[in-house]
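If you're matching positions, the sequence shown starts at 160 in our numbering and goes up one per residue.
Note that these hints are calculated values from the structure, not bench results. Here the structure is a predicted model, which means the values were calculated and not measured. Some clues are possibly wrong.
List time: in silico SDA-like cross-link candidates among lysine to any residue, alpha-carbon distance up to 25 Å [unchecked claim]:
1. 162 / 173
2. 162 / 172
3. 162 / 176
4. 162 / 175
5. 162 / 183
6. 162 / 181
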Amino acid sequence: MEKIVAAGVAIIMIGNAVRMLWNEFRGYIRDVSPENFTERTDEE
160 MEKIVAAGVA IIMIGNAVRM LWNEFRGYIR DVSPENFTER TDEE
């Protein structure tokens, strides 16, 4: 039973870490190519 709880906590922690890295990655791309980003949003 404790193993299931530990696995659930680990999955949540990994999910939060992935989400933070993904947000950092998207922000970095946006900073590197602001022109491409704005063009894409304008077309939509």
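Cross-check of the supplied hints:
In summary, the hint linking residue 162 to residue 173 is supported, as the alpha carbons are separated by about 16 Å, within the 25 Å threshold. Annotation: proposed proximity of residue 162 to residue 172 holds, straight-line Cα distance about 15 Å (limit 25 Å). Simply put, residue 162 and residue 176 have alpha-carbon atoms about 21 Å apart, close enough for the 25 Å limit, and the pair holds. With a CA separation close to 20 Å, the supplied pair residue 162 and residue 175 stays within the 25 Å bound.
For the proposed pair residue 162 and residue 183, the alpha carbon gap of about 31 Å is over 25 Å, so the pair is violated. Between residue 162 and residue 181, the direct Cα distance comes to roughly 28 Å. Violation of the 25 Å bound is thereby established for this hinted pair.
In summary, the structure is inconsistent with hints 5 and 6 from the numbered list given earlier, while agreeing with the others.
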